[in-house]
Amino acid sequence: MVSVHVYGKLRRFAAESDPCGDSVIDVPHAAGDTVRSLVVRLGIPLDELGANVFVDGRYADLGSPVEDGARLGLFPDDMQLLYKWYFRPKGTNE
Amino acid sequence: MDPERTGVRMDRMLRVNMTDRSATFEPLPAAYRNRAGRWLTSSIVHDEVPASCHPLGPNNKVIFSPGFVTGTAAPTSSRISVGGKSPLTGGIKEANAGTGWGRRLARLGIRALVVEGQSTDNRFWLLKVDTKGATFEPADPWVGKKLSEAVAAIAAKSGGKERVDVCAIGVAGEHRMGAAGVCFTDREGRASRYAGRGGLGAVLGSKGLKAIVVDDSGAADVPIADKATFDSGRKKLAAALGEHAITKPKGALNSYGTAVLVNILNEAGGLPTRNFREGRFEGAAKIAGEAIFAGNKERLGHDLYNHPCSPGCIIACSNTWHHKDRSEHTSCIEYESDWAFGADCGISDLDQIAELNLLCNEYGLDTIEIGGTLGVAAEGGLWKFGDGKRAIELVHEIDKATPLGRILGNGALITGRAFGVTRVPHVKGQSMPAYEPRAVKGIGMTYAVSTMGADHTSGYTIAPEILGVSGKLDPLDPKKTDLARTFQYATAFIDSTGHCLFIAFAILDIASGFEGVVEECSGVLGTKWTMDDVGRIGKAVLDLELDFNRRAGFTAADDRLPEFMSREPLPPHNGVWDVPDAEIDKVFAS
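Chain order of the listed sequences is P and C. Residues in the first sequence are numbered from -15 upward in steps of one, following my numbering. Residues in the second sequence are numbered from 75 upward in steps of one, following my numbering.
There may be inaccurate statements among the hints.
Stated by the list, open to error - Here are a few chain P residues that sit away from chain C, every Cβ distance over 10 Å (derived from the structure):
(1) M(-15)
(2) F(-3)
(3) I9
(4) D10
(5) P12
(6) H13
(7) A14
(8) R25
(9) L26
(10) P29
(11) D52
(12) G53
What the hints assert, rightly or not - With a straight-line cut-off of 25 Å between C-alpha atoms, the simulated DSS-like cross-links for lysine-lysine are:
(13) C:K219 to C:K463
(14) C:K458 to C:K474
(15) C:K322 to P:K(-7)
(16) C:K371 to P:K(-7)
(17) C:K202 to C:K220
(18) C:K219 to C:K231
(19) C:K613 to C:K602
(20) C:K220 to C:K463
(21) P:K(-7) to C:K324
For the record, the hints were derived by calculation from the structure and aren't laboratory data. Even glycine gets a Cβ: it sits at the ideal position worked out from N, Cα and C.
Okay, chain P solo, but in the shape it has when bound (with noise of 0.2 Å):
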């Protein structure tokens, strides 16, 4: 399992969008997973995502592998105030 969790307006996909509160999306792992392949099982169009998502806390691309049991963090692009510069990203295939 994977859980997501998801800020702005991508707390619609979850089913507790208050934005005072955490709205996270458990997703059942699948092999070979990527922050590319899960978001488009959760039917986040991709651009409405920004350059701030995190793999366990470490920043990430689409390209990023996630593994079983991981915290997935997704901003979306009106959102994305954390500069990239900051962090060394986890895995960097794309």
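Using the hints provided, position chain C relative to the given structure of chain P.
Chain C alone, transformed into the frame defined by chain P:
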């Protein structure tokens, strides 16, 4: 107009001596002709302030300087730089704020306002600057008052908020506390915009200067040497700000304010929580920018987008928080303030955070330093993390200037010493802002080597490859040493332009926006600067500041993060600060 104003651009200094309460207009020295903002405040501090002087003694000075393009039609450019020797760090300080005050100073043709000497009559004074000159009057009626009341009264008696902006210190500055900031009015006349960090409010207090009111009615527009170049530049910048997802209307900053970062840093495991014990706060979502937006909507019955803090800002990131009865509680709950009173204090109640923010605005305090201090005070047993009511009582102690209040009002390091606390997150005596160095190593480097002490704005977000000062770098694989230096050079340049640092988000991604900023400056000054000058100017600023700090006694041993960060793993990543000292020392070694 003053006859000395003969050049292409505001070319005079106003020198105010508090010892004899004289105010003298002087021509701007030729060496400073193309300097403004942080470059000019740091130049004057470097050239005129003895590095060994006591920050609260008569030999320190407070310098105000608007940036190159402040007062023009350049978007988001109403920043005023304030400089001096910091009573908190003992080193050089530049803090800046967005306000119409600097814009009015620029329109009066004043590139620098230098406050020197020291009042000998134990009284506080109000300085009024307008087209006729500069005059003093006693500030007795406003001493000890809340800043909102003092500033409103001063503005009202000086022609109203449409005509003047006010700079003032609060009770904390009057009592010369190290956490005292310099307050400026925002576009609505609120006492809410701060050159907050480093205790420059205490330096003004030590001089006996309570407030400076600037009236630019009747002043001419800021002269522009090359209007075509200037217009080309400002249009490029405006286009970049208008299209970028972070800076555009209803973009991240306009919708959620800087507090959108609460959830992001929390997700990254880098949101310092309960005095930097943890990197995630369970109450983050309750205090984040989204919660502020939702809370205001619930209380007001409609969406409330953010407003500009100062004239000419097209980003408009400044928020307000409202009581249940819809009345305004405070402005502005910035990310840093939200974090300082929220996650760092373990408080997840926005009304309590708003009250703490309001009290700092009223008493003239730096919210970052006071939030950090409260975190240390909780370690010291003065209160329990999460007990917002007690935290509010402690801030009232500062207003009352009780012995406890004076300890707290002198910041995190002094409070840690007073109560025997070893976990004191600071560098050079200035408490750390809202990015945890053990999770965000790049910002840790910035904290370590910044000339300002722990300061997130010293090196914010500039892509090194844009600047050409240290060769090409792979942005996804930063060499932290180069990155820290390059970021700081770029930031020092932006701090000299008068632009808000938040333009960096847009001009980082949209190269024509950055070119536009350089063109704006060239247009105003009549220079032929290119992108190569960004690094040159940034280096010049930093070299002045580093030299001052060296003469003030700083060594490499001061460029270190506190020991506990090397010893205590930080959840959730459980990493420690492990950047070797040798790598830190390379940043400014050349």
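Non-interface label on R25 of chain P, tested against every C-beta of chain C at 10 Å
Holds, since 20 Å exceeds 10 Å.
Against the 25 Å threshold, does the CA-CA distance of K202 of chain C and K220 of chain C hold or violate the hint?
Measuring from Cα to Cα gives roughly 20 Å; hence the hint holds.
Mind checking the alpha carbons of K219 of chain C and K463 of chain C for me, to see if they're no more than 25 Å apart?
Since the Cα atoms of K219 of chain C and K463 of chain C sit roughly 22 Å apart, the hinted pair holds (cutoff 25 Å).
Please settle this one: P12 of chain P was flagged as non-interface, so is its CB more than 10 Å from every CB on chain C?
holds (22 Å)
Does D10 of chain P clear chain C by more than 10 Å, comparing its Cβ with all Cβ atoms of that chain?
holds (17 Å)
When you check the alpha-carbon spacing of K220 of chain C and K463 of chain C, does it fall within 25 Å?
holds (20 Å)
Below or equal to 25 Å on CA atoms is what counts here, so check K371 of chain C against K(-7) of chain P.
At roughly 16 Å apart (the allowed maximum being 25 Å), K(-7) of chain P and K371 of chain C satisfy the hint.
Beyond 10 Å from every Cβ of chain C: is that where the Cβ of D52 of chain P lies?
Holds, because the least Cβ-Cβ distance between D52 of chain P and chain C comes to about 18 Å, which exceeds 10 Å.
Is the Cβ of I9 of chain P farther than 10 Å from every Cβ of chain C?
Fine: 14 Å to the nearest Cβ keeps I9 of chain P off the interface.
For the pair supplied as a hint, K613 of chain C and K602 of chain C, confirm whether the alpha-carbon distance does not exceed 25 Å.
holds (18 Å)
Taking the closest pair, is the beta carbon of L26 of chain P still more than 10 Å from chain C?
holds (17 Å)
10 Å cut-off, C-beta based - A14 of chain P kept clear of every residue in chain C:
holds (23 Å)
Of the numbered hints listed earlier, not one is contradicted by the structure.
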